[in-house]
Amino acid sequence: MRGAKSAKWVAGAIVVALAATACGGNDKKSDSGMNAGKADPNGILVAQLSEPQNPLQPANAKESQGSRVLRTLWSGLVDYEPGTGKLVNVNAESVTPNEDSSVWTVKLKPGWKFHDGTPVNAKSYVDSWNWSANTKNNQTNSSWFQDIKGYTDVHPEKGDPKKTEMEGLKVVDENTFTIALTGPVSYFAYKLGYDVWAPLPESFFKDPKAAGQKPVGNGPYKFESWDHNKVIKVRKFDGYQGPNKAKNGGIDFKNYTTAESAYSALRSDQLDWIEQVPVTALKNYKQDLGDRAIDQEYSAVQSIVPAFYTDQFKNINPKVIQGLSMAIDRETITKTVLNGTREPADSYVARGVLGYKPGALGDITKYDPKKAKALITEGGGVPGNKISIQFNADQPHKAWVDAVCNSIRQATQVECVGDSKPDFATDLNARDGKKVKSMYRGGWVLDYPVNSNFMRDLYGSTAAGNTSGYKNEEFDKLSAEADKAKTLDETVKMYQDAEQLLAKNMPAIPLWFYKNNSGQSKNVFGKIVYGQDGDPIFTDVQVKAKK
Amino acid sequence: MGRYVARRLLQMIPVFLGTTLLIFLMVHILPGDPIRAMFGDKGADPAQLASLREKFGLDQPLYMQYFDYMKKLFQLNFGETFGGRPVWDEMTAAFPVTIRLTIVALVIELLVGLSLGAWAGLKVGKAPDTGVLLFTLIVISVPVFIMGYLARYVFADTLGWVAPNVDDSMDITQLLLPGFVLAMLSMAYVARLTRTTFAENLRADYMRTALAKGLPRRRIVGVHLLRNSLIPVVTFIGTDIGGFIGGAVVTEGIFNVQGVGNLLFRALQQREGSTIVGIVTVFVLIILVINLIVDLLYAVLDPRIRYA
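These protein sequence lines are chains F and E, in that order. Be aware that the first sequence starts at 9, since it is given in this note's numbering, and climbs by one per residue. Be aware that the second sequence starts at 171, since it is given in this note's numbering, and climbs by one per residue.
Derived from the structure by calculation, the hints contain no laboratory data. Keep in mind that the hints are not guaranteed to be accurate.
[What the hints assert, rightly or not] A few chain F residues facing chain E, derived, Cβ under 8 Å:
#  : residue
1  : E71
2  : H163
3  : E165
4  : T184
5  : N263
6  : T266
7  : N292
8  : Q295
9  : T434
10 : A471
11 : G473
[To be verified] Using C-beta positions, here's what the derived DEER-type ranges look like:
#  : chain 1 : residue 1 : chain 2 : residue 2 : range
12 : F       : A407      : E       : V452      : 57 to 63 Å
13 : F       : D277      : E       : T300      : 40 to 46 Å
14 : E       : I269      : F       : E210      : 28 to 34 Å
15 : F       : D303      : E       : P313      : 48 to 54 Å
16 : F       : D319      : E       : L200      : 24 to 30 Å
17 : F       : G392      : E       : P201      : 22 to 28 Å
18 : E       : D229      : F       : G125      : 50 to 56 Å
19 : E       : M340      : F       : Q508      : 25 to 31 Å
20 : E       : L200      : F       : I545      : 36 to 42 Å
21 : E       : I269      : F       : R417      : 51 to 57 Å
22 : F       : N414      : E       : P201      : 27 to 33 Å
23 : E       : G330      : F       : G125      : 43 to 49 Å
24 : F       : K406      : E       : T405      : 38 to 44 Å
25 : E       : L303      : F       : G534      : 21 to 27 Å
[What the hints assert, rightly or not] Heads up, simulated DSS-like pairs for lysine-lysine below, C-alpha to C-alpha not over 30 Å straight-line:
#  : chain 1 : residue 1 : chain 2 : residue 2
26 : E       : K293      : F       : K217
27 : F       : K291      : F       : K381
28 : F       : K343      : E       : K212
29 : F       : K443      : E       : K225
30 : F       : K291      : F       : K327
31 : F       : K238      : E       : K225
32 : E       : K242      : F       : K214
33 : F       : K70       : E       : K212
What you are looking at is a predicted structure, and each value in this text was computed from that prediction instead of being measured. By construction, the Cβ of each residue, glycine as well, lies at the ideal position given by its N, Cα and C atoms.
Given only the sequences and the hints, what does the whole structure look like? Please build it.
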């Protein structure tokens, strides 16, 4: 089939683009004058976006693309302060827990309006969450509401929902409502910063499908148009009451077929912000773009995870996994193979998250071939003396998997090979079906900036993100206790203890934290500021006034 | 003639059914669950997975899925994407773009390919012939994507004649460069094919007759020679249009053209069965119709060919 063959060629094209961009690297000096001129408060920013997979409904964006648009259209109760991850109120006047953090009272700032002019009140939130949690409404993020009392009525494990409302949600008055949880969760307010907790106007429920094509939110931007596969336009909402008013006139989210074409559009100033510099341009993009290059860490971690259901790792001594971890030269690999696009990890929790402790894993993430070998021998060796690392070949993972394998092989003489799956779907199938042969690549981007998100949601024995079959009763107990702690500080502290427990037990080998390697065009005034989740804070981006 | 066309049209039905069944099966044989893939690294809630599978009919046995799909197809309903958009809408947005691109490529292919081939064919063994031979050799041996990046580097980045990316896929002037790149390979083949048949037919009896009759050279070459030499070229172009649509996956990707190739590539990545089968079904129809047209064209070009 000619089509299938051509698809393979696209991958090969990357190699050629490398050559092409390398030639184009030096011909223009990047004298961008980023801060020269004036900002135009009504200037339109052009940003890169692939077609969102699902309709634009707040709880229906499991991928970053839909989520990027949703975040401009909606403002939630709270948000995270960039840099510190601290919680700030947006649409909420206050979010207060009761004594044991099992019932939360939310007071809204009065006078907020949706883009269609209807008021944002307690009912808008309660109705929205009830609708989104309902299995029948097929929202990909529906399980986010599982802490709320009555969730199993609208979202039973099997079969049709029995009710349409969760008993935990109660409207008190126009601007107040309460949330009763199934148990105490001290950091529940932190979860509320995620897209899924957005309010919905009454018009939504009349025709949710149409509303997903023409969303009406309460955020700093209002929806203007969606030309499928081409462009989504949002414009500044003049009636916006929140603290994060848009400093530009709106955003055109444009679709580009490849990272290469987006990059070349950025260089010719057709596009103002790209998501990620293509692999082929990573070596040169800083020369190409000068101070318009963006190189910024965000809160996400990549690990390799042993499949604990395999014979190999079923009864493994954690020392062996520690040994494997110490056999990986993270410093060199991130600098060379990955071109500085990652930072070596020293903890299970990514940087910028509440509770991150530098060097939490101590020596375990330091490269030390001698000690690595000693630990593996001490732990009884790797069964079969051979491991494989499963990854999806539709993303550029092969290079670093090979490098990690080389590092392990040289340091410990344990044979290590990559196990490539053609694409992400196949990779996930093997993980879910418990068919991973030895180890697999795992990635985790934060949902909310508290360390529990990087531990309980990944290594808890019943967590949806736990696909390795890891089970540690002590950790489960500790995290349950931590969730019940009186204050957030205590919770965070207890999770830090739990991290030490994990260090002894090694549910995964953290490799590195992600970085954004991106760029902005000459039309942008000042440098683009990023949030914790690796996306720009679009409301703060300023566009230069045309001369 | 009419009976011939009717018979050919009837023959299309089993071909059409067979290909859709094959494509449908192929999509479903692919490993990996598209619904699960929507949830990514974060893990999926089993109840929600079950409900989504039910929504898209993926919980049904395969033969039921095929039956349902075909039933809808005969009502011209191509189903919905995972994002809840009718596949028909996606296709009506993408096909006009690719058709424009194909037309641009076809025109370039014919104009350049035919004239190069004719030029070489009239001067067999001389410098133009060798030159064209060399040029086409290079074009044939360089893969499309290299050609694409090279063309962009030369014409957009260095010379600045065109923008490096297509901004508006419906604007035919912006499709010139991608169309040119898409046409390159076929253009080389057309040139070679034309050259060979030209050279061959130059020695044909009817040429000598025409020459002896004292017809002007323009008429000999432009009518007698060209028309008779076109038959293999027309056959080639017929099969080539299918190739264009396949090649568009690469070219559209390089130049940011939002056409069918791009849509198909994305649908494949997401295992969106309804979109893949829909697009391929239309491809199959297009290719069947083009083949019919090509066969009918033979009769026009060569009066000796008759269809009964």
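Each hint tested on the structure:
About 7 Å separates the beta-carbon of E71/F from the nearest beta-carbon of chain E, less than 8 Å, and the hint is met. For the restraint placing H163/F at the interface with chain E, the shortest Cβ-Cβ distance is roughly 6 Å, inside the 8 Å limit, so the hint holds. Among the interface hints, the one on E165/F holds; its C-beta lies about 6 Å from the nearest C-beta in chain E, closer than the 8 Å criterion. At a threshold of 8 Å, the smallest CB-CB gap from T184/F to chain E is about 30 Å, leaving the interface hint violated.
Satisfaction of the interface hint for N263/F is found here, the shortest Cβ-Cβ separation to chain E being roughly 7 Å, below the 8 Å cut-off. At about 5 Å, the closest approach between the beta carbon of T266/F and any beta carbon in chain E falls short of 8 Å, and the interface hint on this residue holds. Interface hint at N292/F: violated, since its Cβ lies 13 Å from the closest Cβ of chain E, which is beyond the 8 Å cut-off. Because the smallest distance between the Cβ of Q295/F and any Cβ of chain E comes to about 15 Å, over 8 Å, the interface hint for this residue is violated.
Hint status for T434/F: holds, given a least beta-carbon distance of 4 Å to chain E, under 8 Å. Taken as an interface hint, A471/F checks out: its beta carbon lies about 7 Å from the nearest beta carbon of chain E, inside 8 Å. At its closest, the beta carbon of G473/F sits 4 Å from a beta carbon of chain E; the interface hint therefore holds under the 8 Å criterion. For the hinted restraint 57 to 63 Å between A407/F and V452/E, the CB-CB distance of approximately 38 Å leaves it violated.
The supplied range of 40 to 46 Å is met by D277/F and T300/E, whose beta-carbon atoms lie about 45 Å from each other. Remark: the range hint 28 to 34 Å for I269/E to E210/F is contradicted by a beta-carbon distance near 43 Å. Separation of D303/F from P313/E is about 33 Å and departs from the stated range, judged on CB atoms against 48 to 54 Å. Checked against the given bound of 24 to 30 Å, the beta carbons of D319/F and L200/E, roughly 29 Å apart, stay inside it.
Checked against the given bound of 22 to 28 Å, the beta carbons of G392/F and P201/E, roughly 25 Å apart, stay inside it. Between D229/E and G125/F the beta carbon distance is about 42 Å. The supplied range of 50 to 56 Å is therefore violated. Evaluation of the 25 to 31 Å hint for M340/E and Q508/F yields a failure: the beta carbon distance comes to about 60 Å. Between L200/E and I545/F the C-beta distance comes to about 39 Å, which sits within the given range of 36 to 42 Å.
For I269/E paired with R417/F, a C-beta distance near 53 Å keeps the hint of 51 to 57 Å intact. In this structure the hint that N414/F and P201/E lie 27 to 33 Å apart at CB holds, the actual value being about 28 Å. Separated by about 48 Å at the C-beta atoms, G330/E and G125/F satisfy the suggested range of 43 to 49 Å. Roughly 42 Å separates the CB atoms of K406/F and T405/E, a value that falls within the hinted 38 to 44 Å.
At about 57 Å, the CB distance of L303/E to G534/F disagrees with the hint of 21 to 27 Å. Restraint check for K293/E and K217/F: not satisfied, since their Cα atoms lie roughly 66 Å apart, outside the 30 Å limit. The suggested pairing of K291/F with K381/F is violated, with an alpha-carbon distance near 34 Å, which exceeds 30 Å. A distance of roughly 28 Å separates the Cα atoms of K343/F and K212/E; the hinted pair therefore holds under the 30 Å criterion.
Proposed proximity of K443/F and K225/E is supported: the alpha carbons are some 27 Å apart, at most 30 Å. Note on K291/F and K327/F: the hinted pairing is violated, with a Cα-Cα distance of about 37 Å set against a maximum of 30 Å. Between K238/F and K225/E, the direct Cα distance comes to roughly 27 Å. Compliance with the 30 Å bound is thereby established for this hinted pair. Distance hint between K242/E and K214/F is fulfilled; the C-alpha atoms sit about 27 Å from each other, no more than 30 Å.
Pair hint K70/F plus K212/E holds up; C-alpha atoms about 9 Å apart against a cutoff of 30 Å.
Going through the hint list in order, the structure does not satisfy hints 4, 7, 8, 12, 14, 15, 18, 19, 25, 26, 27 and 30.
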